[in-house]
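First to last, the protein sequences are chains A and B. Heads up: the first sequence begins at 1 in the working numbering, then just goes up one per residue. Heads up: the second sequence begins at 1 in the working numbering, then just goes up one per residue.
No lab work stands behind these hints: they were computed from the structure.
With a straight-line Cα cutoff of 30 Å, these simulated DSS-like cross-link-like pairs (lysine-lysine) come out: (1) B/Lys239 x A/Lys219; (2) B/Lys312 x A/Lys209; (3) B/Lys242 x A/Lys419; (4) A/Lys419 x B/Lys139; (5) B/Lys333 x A/Lys111; (6) A/Lys116 x A/Lys183; (7) B/Lys152 x B/Lys239; (8) A/Lys183 x B/Lys312; (9) B/Lys312 x A/Lys219; (10) A/Lys219 x B/Lys287; (11) A/Lys219 x B/Lys139; (12) A/Lys323 x B/Lys108; (13) B/Lys333 x A/Lys183; (14) A/Lys209 x B/Lys239; (15) A/Lys209 x B/Lys288; (16) A/Lys209 x B/Lys139; (17) B/Lys98 x A/Lys447.
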Amino acid sequence: MMKFERYEWLAITIMISLFIFVGLIQGWSVSLVILNMCIISAIMTMGVNISWGYAGVINFGVMGFLAMGGLAAVLVSYPPIAESWQVGGRGLGISFALLILLVIAVMYINKTVIQKRNRYILNSLIIFFGILIIRHFYLNATHNIEDVNPAIAGFLGGLGLPIIFSWIVGGLFAAGVAFVIGKVALGLRSDYLAIVTLGISEIVVSVLKHEEWLSRGVKNVIGLKRPVPYEIDLQNADWFINLITYLNSSKLNNIIDVSDRQQVLNNLIIDGSGIFVKLSYAILFLIVMLIIFYFANKAQLSPWGRMMRAIRDNETAANAMGKDVVKQHLIIFVIGAAIVGVAGAMLVTLDGLFTPSGYRPLRFTFIIWIMVIVGGSGNNLGAIFGGFVIWFSWIEAAPLTTFIINQLTVGLEPTNALKLHLLDSVPYFRYLFMGLILLLILRYRPKGIIPEKVRHS
Amino acid sequence: MIDFLNSIIVLLNFIIIPGISYGSQLALGALGVTFVYAILRFANFAHGEIMSFGAMITILFTWFFQSQNIGLGILPTALLALPIGIIATIILCIISDKFVFQYYRYQKSVPVVLAMVSIGVMFVINAIIRIIIGTETIKFSDGQKFIMKAKKFKVMTGLNEGLALKSSQVITIFITILLLTFTFWFLQKTKTGKSMRAFSDNEDLALLSGINPDRVVFTTWIIVGVLACVAGTLYGLDKSYKPIIYLNLVLPIFASAIVGGIGSPFGAVVGGYVIAFSEIMVTYAYKKFFVYLLPSSIEPTGLVQLLSTDYKFAVSFSILVIVLLIRPSGIFKGKVL
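Chain B extracted, bound-state conformation (with noise of 0.2 Å):
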């Protein structure tokens, strides 16, 4: 008995606690990628670069809070500068759309022409952020750093494992919670969020019922603002700031929004969740899992992993190419909020 509740904790420890903070990660930066394409109608590849000037100006903030000894005690002072965060990145997105996307909106360019330009906006806010802040890695989180520690856990159970509880997981997936919670409460019930759904759904008919046009994509913007600044924020304070790390979240971002379901809100969160936990689940080492599971006689030699974690980021491109072969438009059926 024992040992199987061993067992348990192991897979909690490293597989369902990193797999949940790491998904609601990927589900949020997945949601606004997914916002983007329903509305406007193109892939994002700027979109890692948004969630990074989030996290960026957060960071400036916290160190500003810091400095004038503003905190919040035992939470993360970044909590207090992020929506300040938040309001600049909302900022940049209806920028970046007044001056560059809306042109191409007005022209009806082809959205491979808008994957381009959003290139190109990946490219300039890259410089942004890194003539500002370097490329150092940077570590913001303070407060508490654990809420349960694995020592104490320990002592607490007396079980062989430990279970370590970061503060930054927890807040990670209330903050998501709240957030999703909200963005599908917009969604369904109030008036924006229904015109927001028709014109995904059909352009043509959302602006015969006098739907504007331009008050969607303005929502839209700051719905996107919103999810990746926290998105951003939460990623490094879960793991630690570095502007190189969010261009290739941009890939398993895309892959989390693709295999949910590109347009579909909902896929994306799920997809998020299965991208991560495949992404965890595919290279870790269970042999201490089996150990305590079976009989000392046919325990494992081996690690018992499937692949070792340096093809961490090729498992979530085989899970996306493994689904668009299978079924191309994603576990939940996209193209519509």
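Here chain A stands alone, though its shape is the one from the complex (with noise of 0.2 Å):
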């Protein structure tokens, strides 16, 4: 059972009276735009908080998870384009097939050949030539994928389902990529492992920046299918028109003239459109956010958890109680990804497109670790929190400073050449917040703000 304290209450209650306050002043659809992401982040954070808060397994690589999440909502939902599996299909199937029988090999050899010296001459070798193989097969229909109407098509599409199962599909991808990073990474140190990770997700970045044939690169998917209705389709329903029509029944009665009337509520409709698509999203999102929050919880609070809470704490001691400490990194690890990976397919569903060249670490990586260091790591109510209200100042963060900024030089004219260049600078603030916002929470609360319960069993 979920209990909780005074203070978490408080959070609570701030996080939801912070969107209420902005409903108000910028209105309801900013508002909610803002709680969408910040429930998305949350969920991001939740999946770093998992392997770092619990195990102390450090994930660098959040922005290649989020990435194969958004590829995941791509080849599920997007139609699939027949023309290129004809053209291409083929050779992509032998050149895995190749890439598999290589790999085969090369384990092979490691088992077999135990002279270390000789097995990686073979290795080399056989990867050398293995690779020259593949990539004539390989090439040849990553060719004509691409040539394959490539305005608009270009790729091999993916299977035509609801998008909403990409956020299954991206938690396992997210999983799959976790798996070959931790079997190869997890025994480093944890700085040498955040870098590798964090280098990793470059890699993985740059995959689907580049293999067009899979994630139509740089050119970018757009118009994915929502799972939520779409404006204009609600705008010409009756049952929605009727609702809007009841809701506002009040101040609708109170205008006289049928044209004026019929004016009002058309307005009322289309506003009333947006705010109903972000809501079922956010509604969407909660719903996955619940979820996950209940297993983490129950996680965190059974013997596995404390198995964890054990490891991260001493982990010499674990070993030697006979926990393999390699094995629970790795499980860790990879559940932590998938659940960035759900996050990341959530993202790309909620902008409806996949843009490869946006994912940067800076926004997709260290944004993340801030919100966990900044939430309370190892406490999944601190993540979610650190989730609203970092993604709440980094948005806000821009109306803010442009306050700011007119409050202290309002004594200069505003022609002033240093006050236009600091109202051209507002964007650039968010970044100075963030790194302050770090700097102060792991100096005078290291712990974050909703810290780690301790637990005496």
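Hey, can you piece these two chains together into the complex? The hints should help.
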């Protein structure tokens, strides 16, 4: 049973009242846009928090797992392009089969050849010539695929299923990549691991950017299907018009003129449809967030969670007690990455487009880490809180900075060069805020705003 | 024979010279990272931004000198502004240490916490740079751009292939040799350098022998500031200055430092060149080279390119991962200055 302390209730209240505040001041549409991104950020943060907060496994590859989730959204929901499959499907099939053969051959050599030097030489020879052969089939196939109607297609397309399935598939994709990374890198010390995961996430993104047959690369995939109704359909649906009329009946009844009334109603319907769409997204996302939150908490309180904490706090002791530290590290790394992958698929679902070049480490790795640290590592509610607060301040930093600069330079003329320069660079102040928040939290509240509960069990 | 010379010129022009200059920039950067790692014992993610900051100050003063019509003739004005940039970078390093890193050092925090802290510092410096100079691409090299132009070389030697030598490349190589010589001399011969090596080898023992840790740290930041500013400026001079580039540069720099063996200065330098050359060699299209060397009957038809240039960045990481798997301590065993 989850029980919240008083300060935790306070945090929840603050989060909710922030959105009501923005809703009242900047409009409900803005508030919901921020809320949606906050929920997605919170899920990402929970994913990182599970590996870092529970077990102390650092994961700087957030960006790569998000991109894998995004790829899943494309591959699941985009309608298949038959022509591409026809011209390139066979070549791709052959090259993948050869790749699998190559991997098996390397594994076989690793098992049978005992002398280390021979093994290296044999392996490098096989890999070199194997890749040469694979390249031949592969480049032909991809070239053909990319030539199919390059303006709108030029890639394999997807399965044409509802995009909501991609949330699960995205998690699986990210988990698969994380499994490979974990197998390779998890033995490293934590700061090496940070750098390696950061680097591998860059490799993942650069593959997505340049393999156009798979993800359309820098040409982006647009027009992904939504899991929620479109505004234009809502505006023509009778039940929606009735709903809006019913909700605003008192306001509408005050207007006597018929054409005026119709005008006001139309405006209300257009506004309402936008809000309805965002609200449906918010509800979907909230459901996912609560499910993940529930299971994350359950896992943390379980014996498994206790074992993870034991491993985090003293690896040697846990090892001596017979816990398989390497295996558990791998498991928790994969679980954390999978949750991040789910968030990545949700992110693409919300945007309706996939832009591989948009994945930058500053925005998609480091900000998420700031959320984890600020919220409180090891506490799921803290992770959600961190995601909400940091994303909120990331968005609201610009208006706030404009306000502050205008107040500070109120004595200067509007054409003053310094003032203009400062106002031009308003978008960059958010980086300053993020850095300062992180530094202040690390200094004065190193366990985060909502710290992990000390459990004596 | 002519064909052979031509092929050599192709290699020189497209691989060796760019490799050496890019490698020098990486080596200087990696040396800075390695110093922080060996003395302060954390991975400094802010290093790229420190480089960028140094380059920015140099650019600002270059503009100032240009407006005052002070120049160095054929050499870029940036060289005149470089000392001021170095001083500013050193001040930045020492301020960030005093206000941020020092606290955690006294607390004896674990390296991961310090790495997180350095990410905070990275954000702050990043914001300062963008607020001051914006995000535009800035070209600030002036003076004579080429020492040897491709056309002139063709006329001079009568070969088909031209050899272009940018002055920024020569300056890069020259300054790197100077700085590396000085750094290694400092570490090996001076008393402060020796105390730094002792400190990085065994902190407790160094403290017992009366080495003042604050002084060692102070000297380290000075060296890091010099290296970072020079590396950042040279990179900006060679390519062009763009604030966003430096964050991406952090990763190859880390790769260089780790491949060479993090904590080992010599390893960092070697690692820089290894990474630079492999990035260029793996992504270069060797068609031209083989056309000259091989008889026309077996000339290659494709580009003879191992990976497309888009993957330049991925190459350094693949090497990093391979090295970590085969030899986790790097080419030269790291951890000690």
